[in-house]
Amino acid sequence: MSTEIQSLWAGELAVLAIPGELCSRYTARFRDLSPLPATLVLTMANGAIGYLPLDEAYPQGGLEVMRAAMELVEGPLTEHVTQSLLTLD
Numbered sequence: 001m002s003t004e005i006q007s008l009w010a011g012e013l014a015v016l017a018i019p020g021e022l023c024s025r026y027t028a029r030f031r032d033l034s035p036l037p038a039t040l041v042l043t044m045a046n047g048a049i050g051y052l053p054l055d056e057a058y059p060q061g062g063l064e065v066m067r068a069a070m071e072l073v074e075g076p077l078t079e080h081v082t083q084s085l086l087t088l089d
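The opening residue of the sequence shown carries number 1 in the numbering used here; numbering runs sequentially from there.
Please note that a few of the clues may not be correct.
Distance windows between CB atoms, simulated [what the hints assert, rightly or not]: (1) H80 x V15: 13 to 23 Å; (2) W9 x P59: 10 to 20 Å; (3) R25 x A48: 17 to 27 Å; (4) S24 x T3: 13 to 23 Å; (5) Q60 x P35: 29 to 39 Å; (6) P59 x L36: 25 to 35 Å; (7) A10 x N46: 12 to 22 Å; (8) S2 x P37: 30 to 40 Å; (9) G47 x L13: 16 to 26 Å; (10) P59 x A10: 12 to 22 Å; (11) P59 x P35: 24 to 34 Å.
Since the hints were derived computationally from the structure, they do not count as laboratory data.
Note that beta-carbon positions come from the ideal geometry of N, C-alpha and C, so glycine has one too.
Kindly produce the complete structure, drawing on both the sequences and the hints.
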């Protein structure tokens, strides 16, 4: 399965768009790592691939993990999503 993520940078604003539902800690992480003072994270943009929990949630299980889009990437999902969004030009 493939999907598209986007970023838009305008002045001091970064807009990150992903076609999935993110754990709220992703948003905090993106804002902390963003080089711009204002960062908006748009979810369910251009599609819906499912819920994207943080890696540490997988051993705990639960509904969010069971419904997650785990098959999208190999390896740690949290780092993959973070690096993908923050390295877009």
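Do the beta carbons of R25 and A48 sit within 17 to 27 Å of each other? Since R25 and A48 have Cβ atoms about 20 Å apart, the given range 17 to 27 Å holds.
For S2 and P37, compare the CB-CB distance with the range 30 to 40 Å and indicate the outcome. holds, 32 Å
Lying within 24 to 34 Å: is that true of the beta-carbon distance P59 to P35? This hint holds: roughly 32 Å between Cβ atoms.
Is 12 to 22 Å right for how far apart the beta carbons of A10 and N46 are? Given about 19 Å between the Cβ atoms, the range holds.
CB-CB spacing for T3 and S24 relative to the 13 to 23 Å hint: holds, 20 Å
Supplied distance hint 13 to 23 Å, evaluated on CB atoms of H80 and V15: At 20 Å between Cβs, range holds.
Verify the CB-CB distance for G47 and L13 against the hinted window 16 to 26 Å. holds, 23 Å
Cβ-Cβ distance between P59 and L36: within 25 to 35 Å? Between P59 and L36, where Cβ atoms are some 34 Å apart, the hint holds.
Falls inside 10 to 20 Å, the C-beta gap from W9 to P59? For P59 against W9, whose Cβ atoms are near 36 Å apart, the range 10 to 20 Å is violated.
Falls inside 12 to 22 Å, the C-beta gap from P59 to A10? violated, 39 Å
Could you tell me whether the CB distance from Q60 to P35 stays inside 29 to 39 Å? holds, 32 Å
Taken one by one, the earlier hints fail for this structure at numbers 2 and 10, listed in ascending order.
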